[in-house]
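Student: Chain residues, written in single-letter form:
There are 4 protein chains.
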Amino acid sequence: MATLATLATVREFLATAFPQTKAIVEDIGPMAATVRHPVGFDELRPGGTVSGPVLMATADLALYVAILGTIGIVPLTVTTSLNINFLRKPAADRDIIAVCTLLKVGKTLAVGEVALFSEGISHHVAHAVGTYSIPTPAARP
Amino acid sequence: MATLATLATVREFLATAFPQTKAIVEDIGPMAATVRHPVGFDELRPGGTVSGPVLMATADLALYVAILGTIGIVPLTVTTSLNINFLRKPAADRDIIAVCTLLKVGKTLAVGEVALFSEGISHHVAHAVGTYSIPTPAARP
Amino acid sequence: MATLATLATVREFLATAFPQTKAIVEDIGPMAATVRHPVGFDELRPGGTVSGPVLMATADLALYVAILGTIGIVPLTVTTSLNINFLRKPAADRDIIAVCTLLKVGKTLAVGEVALFSEGISHHVAHAVGTYSIPTPAARP
Amino acid sequence: MATLATLATVREFLATAFPQTKAIVEDIGPMAATVRHPVGFDELRPGGTVSGPVLMATADLALYVAILGTIGIVPLTVTTSLNINFLRKPAADRDIIAVCTLLKVGKTLAVGEVALFSEGISHHVAHAVGTYSIPTPAARP
Numbered sequence: 001m002a003t004l005a006t007l008a009t010v011r012e013f014l015a016t017a018f019p020q021t022k023a024i025v026e027d028i029g030p031m032a033a034t035v036r037h038p039v040g041f042d043e044l045r046p047g048g049t050v051s052g053p054v055l056m057a058t059a060d061l062a063l064y065v066a067i068l069g070t071i072g073i074v075p076l077t078v079t080t081s082l083n084i085n086f087l088r089k090p091a092a093d094r095d096i097i098a099v100c101t102l103l104k105v106g107k108t109l110a111v112g113e114v115a116l117f118s119e120g121i122s123h124h125v126a127h128a129v130g131t132y133s134i135p136t137p138a139a140r141p
Numbered sequence: 142m143a144t145l146a147t148l149a150t151v152r153e154f155l156a157t158a159f160p161q162t163k164a165i166v167e168d169i170g171p172m173a174a175t176v177r178h179p180v181g182f183d184e185l186r187p188g189g190t191v192s193g194p195v196l197m198a199t200a201d202l203a204l205y206v207a208i209l210g211t212i213g214i215v216p217l218t219v220t221t222s223l224n225i226n227f228l229r230k231p232a233a234d235r236d237i238i239a240v241c242t243l244l245k246v247g248k249t250l251a252v253g254e255v256a257l258f259s260e261g262i263s264h265h266v267a268h269a270v271g272t273y274s275i276p277t278p279a280a281r282p
Numbered sequence: 283m284a285t286l287a288t289l290a291t292v293r294e295f296l297a298t299a300f301p302q303t304k305a306i307v308e309d310i311g312p313m314a315a316t317v318r319h320p321v322g323f324d325e326l327r328p329g330g331t332v333s334g335p336v337l338m339a340t341a342d343l344a345l346y347v348a349i350l351g352t353i354g355i356v357p358l359t360v361t362t363s364l365n366i367n368f369l370r371k372p373a374a375d376r377d378i379i380a381v382c383t384l385l386k387v388g389k390t391l392a393v394g395e396v397a398l399f400s401e402g403i404s405h406h407v408a409h410a411v412g413t414y415s416i417p418t419p420a421a422r423p
Numbered sequence: 424m425a426t427l428a429t430l431a432t433v434r435e436f437l438a439t440a441f442p443q444t445k446a447i448v449e450d451i452g453p454m455a456a457t458v459r460h461p462v463g464f465d466e467l468r469p470g471g472t473v474s475g476p477v478l479m480a481t482a483d484l485a486l487y488v489a490i491l492g493t494i495g496i497v498p499l500t501v502t503t504s505l506n507i508n509f510l511r512k513p514a515a516d517r518d519i520i521a522v523c524t525l526l527k528v529g530k531t532l533a534v535g536e537v538a539l540f541s542e543g544i545s546h547h548v549a550h551a552v553g554t555y556s557i558p559t560p561a562a563r564p
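Quick note, the sequences are listed as chains H, R, P and X, same order.
For the record, in the first sequence the residue sitting at position 133 is 133 according to this note's numbering, with numbers rising by one throughout.
For the record, in the second sequence the residue sitting at position 44 is 185 according to this note's numbering, with numbers rising by one throughout.
For the record, in the third sequence the residue sitting at position 60 is 342 according to this note's numbering, with numbers rising by one throughout.
For the record, in the fourth sequence the residue sitting at position 65 is 488 according to this note's numbering, with numbers rising by one throughout.
These aren't lab readings, by the way, just hints derived from the structure by calculation.
All C-beta atoms, glycine included, are put in the ideal place defined by N, C-alpha and C.
Every clue listed holds true.
Looking from chain H toward chain R, a few residues come up when the C-beta cut is under 10 Å (computed):
no., residue
1, Phe41
2, Arg45
3, Thr49
4, Pro75
The whole structure should be built from the sequences, with the hints applied where relevant.
Tutor: Right, here's the structure in full:
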């Protein structure tokens with residue numbers, strides 16, 4: 001499946017629609033995306049590690065932009081479920097890198113998995129699987 | 142099972158250990174907790190609804206404080222998995238209320254479920270199940 | 283929400299459509315169902331406990347019949363996801379009882395949770411959350 | 424990580440410990456395993472497709488044997504959670520093939536993902552992620 005939105009288009013959309021997010025879309029590919037979340041004070045928790053919600057938010061965003069890259073910019077595409085396993089303590093001084101691979105993009109539902117890493121370290125820090133609902137063309141604004 | 146940390150103790154711990162969080166612990170009960178997440182600009186996403194990551198973070202925190210209430214303040218208790226289903230669009234102008242009920246608190250693992258609501262509306266906006274790993278006494282600082 | 287299929291109707295449908303299942307539908311209520319799975323040689327695994335797949339199958343069936351009770355007999359309603367946590371070792375000599383509560387029944391998606399017990403013992407042996415896809419009336423045979 | 428139990432050893436263990444299972448272990452690799460589940464009358468459900476519980480049981484077994492291959496035969500290793508997404512309707516006349524890749528094998532917990540296919544068809548029919556608890560050496564019989 002070809003991508004319908006380029007990296008530049010997805011980045012421009014995010015800057016407008018999600019001005020709050022710190023995460024950076026690094027790459028958009030066919031049925032795939034890579035997202036980086038910078039790690040600083042706001043992302044840390046006791047024990048000197050990255051908080052779980054930062055990993056969840058990054059996984060969720062990686063799924064979202066992989067889907068937008070594949071189907072084009074459909075803003076009302078929304079998460080219906082996310083399952084995440086935390087596998088190893090992320091490094092406190094490295095960005096989080098999320099690599100999403102879509103498993104299915106149907107007419108109304110997309111499912112993908114996300115491998116999360118501390119940049120430069122090859123073992124997963126977490127692994128997520130998420131489902132998005134895609135609005136039918138009639139339901140789009 | 143009795144609670145080992147009171148509401149005041151848990152709140153004091155959170156204020157020190159998680160100064161970033163906006164969420165407020167409303168109640169701690171035996172095997173249970175209620176958490177409120179205020180909703181404002183930072184919590185909204187396109188379509189005028191609360192972002193998924195806010196719901197995930199609130200569910201995660203509700204589990205964490207329910208466990209701390211039950212076993213006492215063990216800061217290195219960490220999430221090992223979270224599964225969340227998004228059920229209805231949360232209201233943009235109401236706080237999120239998360240009600241956690243623990244299903245099991247073992248020696249090394251605790252599991253609980255969380256019902257998430259827009260304040261004052263009775264239907265769930267999301268439902269989560271999460272697992273936390275409790276460090277053995279020997280592994281605590 | 284009223285039930286659209288009675289206990290007798292659901293049982294009759296299952297006997298025809300799923301002649302392989304050993305499980306028995308005990309009750310159908312509004313947005314709810316209770317299912318029993320008898321436990322014998324086929325259900326046990328090493329260590330004298332009920333196998334995980336028996337618990338998963340019983341949870342899945344409890345969701346299915348709770349949905350059929352609520353929306354009527356729509357056979358092509360299919361599971362889209364199931365998440366299960368195993369909490370305690372089930373007794374080898376007691377039936378499994380699954381109590382399903384639906385969290386949402388929409389036009390195309392239903393979500394519910396299932397508490398699983400060894401009959402007569404009050405602690406959960408497992409807890410599941412599942413999602414079913416409901417075919418649109420146009421897609422039904 | 425090397426495998427500690429060979430394909431022959433794992434098959435012999437399963438034949439003794441799980442005489443009920445129809446599934447066949449096809450391959451055991453480092454942090455990986457492939458399992459086949461034959462599909463016949465018992466595995467089908469209305470609409471001419473393989474039942475969800477068969478896919479769940481096959482995913483669960485693929486995780487189990489991948490872990491046994493990696494850590495050696497530790498029978499009391501048990502599933503603590505399984506999350507499965509059903510992606511496409513499996514073919515009624517093809518065996519199910521489950522390919523498991525472990526993401527982490529720790530001292531007390533192992534996590535892996537499983538891709539499920541109808542034999543000879545390249546798109547996933549389902550995708551699962553599961554967690555197993557490994558008993559400490561002291562807790563083994």
